[in-house]
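Engineer: Sequence:
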Amino acid sequence: MFTITNWNSELSHRRFHMNFARLGLLALFLALVFYFIFMPLNKAAASADSTAYTQDQLDALEMLNEVRLSVGLPPLKLNKEITQAAINHAKYYNLHERGKKVTLSAHQEKMGLEGFTGTGPFERMKAAGWNYGTSYRSGEDMHFGQKSSTMAMQSWLDTAYHRDIILGSAYNEIGIALVDGTAVVNLGGSYQSSMQSNRIFVYPYQGMTNVPVGFYGNEVPNPLDQFNVEHSGYIISASVPGKLDWHEASITDEKGNNVPFYEEVSSGRTLFLYPKSILQGYHTYRVNLAYRTDSSSETQHLSWSFKTGKGHQLVSISGAAKEILINEGEEASIRITGRYDDNVTEPLTNQVRYVSSDAAGLKLESPATFKGIKAGNYYVTAHVGNLSSERIQVKVLPRLKTKTYPPLNASKPASTVTEAEFWTMFLQQYQIHIEAYAPAKKKHAADAAYRIAEMRNIPLLGLTSIPARDKPITRGKVAEIIAAADGVHYVKYNAIWYVLGMNYMKGTTDSTLNGFEPDRTMTRGEAVQLLTELKPKLKSLRARPDSRTPVEFLPPLPVREVYKKPEVIKDYTLIATYHPDRTLTVEGKFTILAGQQTTMMVQTGGKKPNQIEDVTVSVDLEGNFKVTSGPYTEDSLNLYLKTAGATYWISVEANAMNVNEYTPKP
239 MFTITNWNSE LSHRRFHMNF ARLGLLALFL ALVFYFIFMP LNKAAASADS
289 TAYTQDQLDA LEMLNEVRLS VGLPPLKLNK EITQAAINHA KYYNLHERGK
339 KVTLSAHQEK MGLEGFTGTG PFERMKAAGW NYGTSYRSGE DMHFGQKSST
389 MAMQSWLDTA YHRDIILGSA YNEIGIALVD GTAVVNLGGS YQSSMQSNRI
439 FVYPYQGMTN VPVGFYGNEV PNPLDQFNVE HSGYIISASV PGKLDWHEAS
489 ITDEKGNNVP FYEEVSSGRT LFLYPKSILQ GYHTYRVNLA YRTDSSSETQ
539 HLSWSFKTGK GHQLVSISGA AKEILINEGE EASIRITGRY DDNVTEPLTN
589 QVRYVSSDAA GLKLESPATF KGIKAGNYYV TAHVGNLSSE RIQVKVLPRL
639 KTKTYPPLNA SKPASTVTEA EFWTMFLQQY QIHIEAYAPA KKKHAADAAY
689 RIAEMRNIPL LGLTSIPARD KPITRGKVAE IIAAADGVHY VKYNAIWYVL
739 GMNYMKGTTD STLNGFEPDR TMTRGEAVQL LTELKPKLKS LRARPDSRTP
789 VEFLPPLPVR EVYKKPEVIK DYTLIATYHP DRTLTVEGKF TILAGQQTTM
839 MVQTGGKKPN QIEDVTVSVD LEGNFKVTSG PYTEDSLNLY LKTAGATYWI
889 SVEANAMNVN EYTPKP
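Each number in this note's numbering comes from the position in the sequence shown (counting from 1) with 238 added on.
These are calculated hints, taken from the structure and not from any lab test. There could be a bad hint or two in this list.
Unchecked claim - Straight-line C-alpha distance at most 25 Å; calculated BS3-like pairs for lysine-lysine: (1) Lys-773 <-> Lys-744; (2) Lys-609 <-> Lys-639; (3) Lys-641 <-> Lys-773; (4) Lys-808 <-> Lys-775; (5) Lys-315 <-> Lys-338; (6) Lys-864 <-> Lys-808; (7) Lys-679 <-> Lys-639; (8) Lys-560 <-> Lys-641; (9) Lys-639 <-> Lys-775; (10) Lys-601 <-> Lys-777; (11) Lys-808 <-> Lys-827; (12) Lys-339 <-> Lys-329; (13) Lys-681 <-> Lys-612; (14) Lys-548 <-> Lys-385; (15) Lys-808 <-> Lys-880.
Using the sequences provided together with the hints, build the complete structure.
Structural biologist: Take a look at the structure:
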């Protein structure tokens, strides 16, 4: 595990605070704080005798400086006072924090505890006697369980935020410590960087070889958390001394194929690219980057390449689903996943060979796509080199008999629909000849419809309880039925997740799981509307597998959209409506702003917003406001309403409305 801090302050010791309030947690978040706190120092502990540099320190410095020179950065020099500060903090950590869960607090010390020399890195460096001049920047990296400082240095280079510190252009001095496995480096810059801020420094650098292929989240904080993934390809970084105002990047492999990636701009100056898949071994990649900095409006262009070392090795392959169901005449794709020696599991698309147990009944149409020719049970195996998957069962279902029914029409649209009525309407919408499956002797009017449900393993309560057939159906049960009809086996909230993600159903109040209201019943009118809108999306009635479908198959949930404006607008509420004409209306209530004017920042949507404009908001004496702006060309917007103590955030998609209710800052 690593932890990171990058403390910096001007001598005026100004404080910068920005609070972002987000509905998802109904809390106020402190998003960015640059601060400096002076505290009394333990002079005795801070003035320990310096010692000659060890070979471990010299080796680590040499290794880092070789990298910095290759990147285009000046080398660092060891500083005895900064080194002493690093040693002091490593000892403090081992004494008080070793064995505890690693968090960012590892960079802090508490006054009064043995070995205390300063709360943060700068205080500890100052206490050790560092002469920081008239301006300074300080930083710190930590790593644990290390055998050498060189190993720790390589580990930091293999991360995002730690790399950004040791490859920082503002530093010219370093202190290196390794105490009983705890590695600490402190860096200092006692001058204003003279480098032009439109210069850029990249890693992996041009021509670098033996580059690792992956990043596995071994960093605190973990940059992959923001993307909800556990691993990525090796991190690519590009940093400028000043501010990165705009950029556009691409990654291509040696065949010219684009490599998808996530991206992040950290501290306004460093761009991180996280390839979405582990990189291939012994493979050349090229990065193309166009960018502008705060020092020049001219667009700069940079292109560089690097070559990876040994890639991760495939150790086993398996089918993502154990059972696949299709109708006669339909096609289905088979997903194969591979497990590698670095514990990464990824879908396999290339070099997979598929074999059907009976090509006359289940025919391979194209790589990974099979067509059901004849009803029956079949098996498919996948092969990659000398590795084979277990058999994947594919059931080809016989065609259901059909009949032409008139369009659905709810004679009593406001009345609740029962399970039997809904399922009968479902079959009629898909032109299934219901009475063709009627038993010789009926116990219930819907016996034929339920016989079809039994054949297709549709989870109806009325299959085991005839009285349940005439009870109102819930929205949650409808979600399970639709998921089953699409050939997957999900129950309860996973079924709701599936139909929301596939856009088969919508919530009642908003597009989230909480807004779905699974226990709510459905009217006949709602059932007709749902089935009418469903038919173009869900093309045919399949069957539910016997085994549960893996949750990894669940589609992404839709972006939050609110369907109904609250009747009463509470305090600390924002309502954003992005109209079809691309104008934006934002209204709400903030009594703390009563009688005032404030600013709302309008930015582009997504995780990398760019400023569009500031809109003036006038608040009445009761705290209410409503403002319209635009039109805008973006498909989504991020909006930030400024108050004295916090900035409140809301996002909105085109042709949609969103509502956020916040918890006020205490």
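Engineer: Hint by hint, note whether the structure agrees.
Structural biologist: Results for each hint:
{"no.": "1", "hint": "Lys-773 <-> Lys-744", "verdict": "holds, 15 Å"}
{"no.": "2", "hint": "Lys-609 <-> Lys-639", "verdict": "holds, 20 Å"}
{"no.": "3", "hint": "Lys-641 <-> Lys-773", "verdict": "holds, 16 Å"}
{"no.": "4", "hint": "Lys-808 <-> Lys-775", "verdict": "violated, 38 Å"}
{"no.": "5", "hint": "Lys-315 <-> Lys-338", "verdict": "violated, 33 Å"}
{"no.": "6", "hint": "Lys-864 <-> Lys-808", "verdict": "holds, 14 Å"}
{"no.": "7", "hint": "Lys-679 <-> Lys-639", "verdict": "holds, 20 Å"}
{"no.": "8", "hint": "Lys-560 <-> Lys-641", "verdict": "violated, 33 Å"}
{"no.": "9", "hint": "Lys-639 <-> Lys-775", "verdict": "holds, 21 Å"}
{"no.": "10", "hint": "Lys-601 <-> Lys-777", "verdict": "holds, 21 Å"}
{"no.": "11", "hint": "Lys-808 <-> Lys-827", "verdict": "holds, 7 Å"}
{"no.": "12", "hint": "Lys-339 <-> Lys-329", "verdict": "holds, 17 Å"}
{"no.": "13", "hint": "Lys-681 <-> Lys-612", "verdict": "violated, 33 Å"}
{"no.": "14", "hint": "Lys-548 <-> Lys-385", "verdict": "holds, 23 Å"}
{"no.": "15", "hint": "Lys-808 <-> Lys-880", "verdict": "holds, 18 Å"}
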